[in-house]
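Asks: The chain contents come next:
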Amino acid sequence: MENDPLKETFRPKGAIAFFVMLMLLGILIWEGIYYIMLQRN
Amino acid sequence: MDKYEKKILAITGGVIMLFLFSLLYAKVSRRIDLPECTPYSKIYNEPKVVKLDKDLYQVFVVAQMWQFQPEEIYIQTGSTVDFYLTSKDVVHGFNIFEKNVNLMAVYGGINKMTVRFDEPGTYHIVCHEYCGIGHHNMEASIVVNSKGAK
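Respectively, the protein sequence lines represent chains A and B.
Here the first sequence is numbered in our numbering, starting from 1 and rising by one per residue.
Here the second sequence is numbered in our numbering, starting from 1 and rising by one per residue.
Everything labelled a hint here was simulated from the structure, so no lab data went into it.
Quick reminder that beta carbons are idealized off the backbone N, C-alpha and C, glycines included.
Be aware that one or more of the hints could be misleading.
[What the hints assert, rightly or not] Which residues of chain B face chain A? A few of them, derived with a C-beta cut under 8 Å, are: (1) Glu5; (2) Lys6; (3) Ile8; (4) Ile16; (5) Met17; (6) Phe21; (7) Ser22; (8) Ala26; (9) Arg30; (10) Tyr74; (11) Val91; (12) Asn100.
Isolated chain B, as found in the complex:
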C-alpha cells in the first residue's frame, strides 16, 4: 500500500473516532435523549399532563388537524418531561423551538422523547410536517416556571 494511502486511512479513521466519541459524550455525559417508539396503547389517545414527581412530568400530546392537545403545558423550571406523541388523523410534526425535539406524530404510533427544561420562559411548539390547509396555525406552547404549574 502506498504511504499516502496509509496516511489518508489513518486521518479518516481519526475523524470517525472523533465523531463517535462526540456522540458518546452527548449520550453518556450530557444525557441527550434520542426519540424512541413505544408500543401503542389507547391510553396515549387522551391528552394530559401528569406530574410524577417534583420535577418530573409525563405529557401525552395528541396531534390532530390542526391543533395540539394540550395546547398549553405548564411546568416548573428544572423539570424533566417525557413527551408521548400520537396523532388522531394524518402525520403531523412536533418541533419545540430551541430544543432538540423533532418528532413525527403518526396515527397508530407513539413517539417518545425526554427533555429537560432548565431555562424559564415560553417554548413554542409547531407542526413542521404539512398536514392540510390549517397547518400554519398548528402550534402549542410550553410555559416553564409558571405559577400555574401544578
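Bound conformation, chain A alone:
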C-alpha cells in the first residue's frame, strides 16, 4: 500500500476547486460590504 501509484499521483481536484470557490465567495461578500462602508464614509 505504501507504494500505491494511485496515492502518489492523487490530486484532490474537487477539494481544491471547492476551497478556491469558497475563498472567492468569501472575498466577494466581504469586500462588497467593505466597499459599501467606504462609500458611506
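Using the hints provided, position chain B relative to the given structure of chain A.
Replies: Then chain B, alone, in the frame of chain A:
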C-alpha cells in the same frame, strides 16, 4: 504535512492578511470611526447641538418613545459631527441613511460616533430597534448645508 495542506494554509493566511490590511486602510487612511462608549454623565441627557468650530459640531441626541431630540439638526457641508447618544427609557436604534452610523441608544449609557458630512442634503435618521407602538414613526433628520446652520 501534506503539500496541499500547506498551500491551503498559505492561501487562508493571505486572505486573512488582505482583510486585516483592508481594515487598517479604512481606519488609518480613510479615518472611518468606530462606535465607542463614553462614561455616563447627566450632561448627555439634555439634547443640543454645539458648534465647536467652523466645521466641527457636537450633537447630544436623546432618544425616547417615540422621537429623537433634537429632531432636526442643521450643519454645514464638510462638517465633522460627534454624536453622543443616550435614551430616556427603553433601547432605541440610531441609524443614519447612507452613512456608517448604526448605534444603540441605551438608558444609562452613552454611545459616541464621529461622522463627516461632505455631501449636502437631508440625511434621515430612523430608529431600527423595535421600541413600542410608535416605533415606525420615530425619526429625525440632519440637514447639511442649510442656510439655517449656525
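Asks: I'd like to know which numbered hints this structure contradicts. Please list them from smallest to largest.
Replies: 1, 2, 4, 5, 6, 10, 11
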